Amino acid sequence: MLDEAVLAELRTSVQGDTGFVRELVDAYVADSAALVDAIDAAVADADADALVRPAHTLKSSSATLGAMTVSGMARTLEAAGRSGSLDGVEVRDAAEGLRGEWEAATAALRDWLARAGSP
Amino acid sequence: MTDPTVALVVDDSRVNRLVLIRQLAGLGLDALEAENGAEALDLLRANPHVIELVLLDVIMPELDGYATLEAMKEDAAIRHIPVIMVSGVEELDSVVRCIELGATDYLTKPINPRILGARVNASLTAKRLHDLEREHLEQQRALTATIERQRAELARFLSPQVAGLVSSAEGEQLLAGHRREITVAFCDLRGFTSFAEQADPEEMLGVLGEYHTMMGEAITEHGGTLEHFAGDGVMTFFNDPIPQADHVERAVRMAIAMRERFAPLAQAWHKRGYELGFGVGIATGYATLGRIGYEGRYDYGAIGNVVILASRLSSQAQANQILLSQRAHSMIEDVVEVEPVGDLTLKGISRPVPVSNVLGVVTPA
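These protein sequences, in sequence, are chains A and B. Read in order, the letters of the first sequence correspond to residues 1 to 119 in my numbering. Read in order, the letters of the second sequence correspond to residues 1001 to 1365 in my numbering.
Because the hints were derived from the structure by calculation, they are not lab data. Note that this is a predicted model, so its numbers are computed, not measured. Beta carbons are placed, not taken as given, at the ideal position from N, Cα and C, and that holds for glycine. It is possible that part of the hints are untrue.
Using C-beta positions, here's what the derived DEER-type ranges look like [as the list claims (entries may be wrong)]:
#1 B:Val1006 <-> A:Asp45: 25 to 31 Å
#2 B:Ala1118 <-> A:Asp45: 42 to 48 Å
#3 B:Val1089 <-> A:Ala46: 26 to 32 Å
#4 B:Asp1003 <-> A:Glu23: 21 to 27 Å
#5 A:Gly100 <-> B:Val1006: 39 to 45 Å
#6 B:Asp1003 <-> A:Asp47: 42 to 48 Å
#7 B:Asp1042 <-> A:Gly117: 49 to 55 Å
To give an idea of the interface, some chain A residues facing chain B are shown, with a C-beta separation under 7 Å as derived from the structure [unchecked claim]:
#8 Ser13
#9 Val14
#10 Phe20
#11 Leu24
#12 Asp26
#13 Tyr28
#14 Ala34
#15 Arg53
#16 His56
#17 Thr57
#18 Ser60
#19 Ser61
#20 Thr64
With the rest of the complex left out, here is chain A:
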């Protein structure tokens, strides 16, 4: 669900600045809540075009912070949006499971930060 190696590498890339990683997580939580909402709405409306943009951004941001499961689901949804068809078991699973996975990922990120210690 959360690839801690990605987070560790990210922290190393900013000279071990956990405070900066905390800022990133805050930005991620704030921005991705709106993305998950937009994805839910697009799926509910069966609007493939409206699905592409939030799914793409969520895929990319989630991967940066090691939230690989969310990123993978977002990739499936982005591809579905681009193909114009939201049918298929995989797409439906991703759409239904996304919010729960995202909540779990943000909790895991908070937990990782708590363990990593305050800046």
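For this one, chain A is given, so just place chain B on it according to the hints.
Frame of chain A, contents of chain B only:
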């Protein structure tokens, strides 16, 4: 201290922008950010000389990486700014397309700061070399334009042959001084002194202007080197700096052309009450040629007996006479038709010299 280098980070994800900006800061770069290609183009066009590098996400809403790159390459003001594509591993095919479109390099997410550093430095180095090259080319263009302007301006003051010398490599040697056989033609006006006394200065300058224009055209047509104008006196020589095998004939033909063109001018002046006549002295001989004068004001000139002889002949010439020295005459006997004037005693020359007056040329040009 110089301003830090500014990079533009273009990515639809704020998280990704924050990471890149932070990593660039670690490399000493400042960053501007854009959420999509359209915003990026606006920023680039507003700051074409500030932004030195673009980190561009391939897949973005609004305007994607391809379209942004294409728009940049079509805009002369920003096409030189290097672009490093940033993509997910699964988007490598797109990266190839971007490089074909003119991207400098690429990075894959997640971004390794050391690879980022290497790519950024390589791109900036290439850009700075390119900028230097451009700057150098512009300087060169400006310099060439200045030289051309100076050459053009110089050609208005000097005879074209001398202007050519000044701006040529072999010119320096010729300017330094050399000896050569030349033909000198001295021309001046009979009656000019009394004309100068009675005419208004404006009137005199007007008459001189018409006369010099006519003379100048004839000199240019015949390839003469103008040494100087001194009031009504005009000294021209041939066979230097550009060698002319037919230098004597050229001088004689020029003098005849001047005499013919002088007639209508003299007629017009006559109507205004001025009596002016035209006389020429032509001599051939060796002279020393080169730069004459002093630092700040040099002329290209000729020194030698031939110059004195031509000048004396010119003073002796009656209106409409073209007096030819014996040596000059002997060199073009079959071309020129003359009448003997006799042996003239000339000031500063010990023995009387045989002189002819040119009537015309046997085979007109």
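Now for the hints, and whether the structure bears them out:
1. The given range of 25 to 31 Å is broken by valine 1006 (chain B) and aspartate 45 (chain A), whose C-beta atoms sit roughly 41 Å from each other.
2. In this structure, alanine 1118 (chain B) and aspartate 45 (chain A) meet the distance hint of 42 to 48 Å, their C-beta atoms being roughly 46 Å apart.
3. At roughly 30 Å, the beta-carbon separation of valine 1089 (chain B) and alanine 46 (chain A) lies within the given 26 to 32 Å, and the hint holds.
4. In this structure, aspartate 1003 (chain B) and glutamate 23 (chain A) meet the distance hint of 21 to 27 Å, their C-beta atoms being roughly 26 Å apart.
5. Restraint check, glycine 100 (chain A) to valine 1006 (chain B): a C-beta distance of roughly 42 Å satisfies the suggested window 39 to 45 Å.
6. The beta-carbon spacing between aspartate 1003 (chain B) and aspartate 47 (chain A), approximately 46 Å, falls within the hinted interval of 42 to 48 Å.
7. Distance hint for aspartate 1042 (chain B) and glycine 117 (chain A): a CB-CB separation of about 41 Å, inconsistent with the stated range 49 to 55 Å.
8. For serine 13 (chain A), the interface hint holds, since its Cβ comes within 7 Å of a Cβ in chain B; the closest pair sits about 4 Å apart.
9. At about 5 Å, the closest approach between the beta carbon of valine 14 (chain A) and any beta carbon in chain B falls short of 7 Å, and the interface hint on this residue holds.
10. About 6 Å separates the beta-carbon of phenylalanine 20 (chain A) from the nearest beta-carbon of chain B, less than 7 Å, and the hint is met.
11. Taking 7 Å as the C-beta contact cut-off toward chain B, the hint placing leucine 24 (chain A) at the interface holds, the least distance being around 6 Å.
12. Look at aspartate 26 (chain A): its Cβ only gets to about 10 Å from chain B, farther than 7 Å, so that hint breaks.
13. At about 5 Å, the closest approach between the beta carbon of tyrosine 28 (chain A) and any beta carbon in chain B falls short of 7 Å, and the interface hint on this residue holds.
14. The beta carbon of alanine 34 (chain A) is not positioned within 7 Å of any beta carbon in chain B (closest approach about 11 Å), and the interface hint is therefore violated.
15. For arginine 53 (chain A), the interface hint holds, since its Cβ comes within 7 Å of a Cβ in chain B; the closest pair sits about 4 Å apart.
16. At a threshold of 7 Å, the smallest CB-CB gap from histidine 56 (chain A) to chain B is about 6 Å, leaving the interface hint in force.
17. Given the 7 Å rule on beta carbons, the hint for threonine 57 (chain A) holds: about 5 Å separates it from the nearest Cβ of chain B.
18. Against a cut-off of 7 Å between C-beta atoms, the interface hint on serine 60 (chain A) holds, since the closest Cβ of chain B lies about 5 Å away.
19. Because the smallest distance between the Cβ of serine 61 (chain A) and any Cβ of chain B comes to about 4 Å, under 7 Å, the interface hint for this residue holds.
20. For threonine 64 (chain A), the shortest C-beta to C-beta distance to chain B is roughly 5 Å, which falls under 7 Å, so the interface hint holds.
In summary, the structure is inconsistent with hints 1, 7, 12, 14 from the numbered list given earlier, while agreeing with the others.
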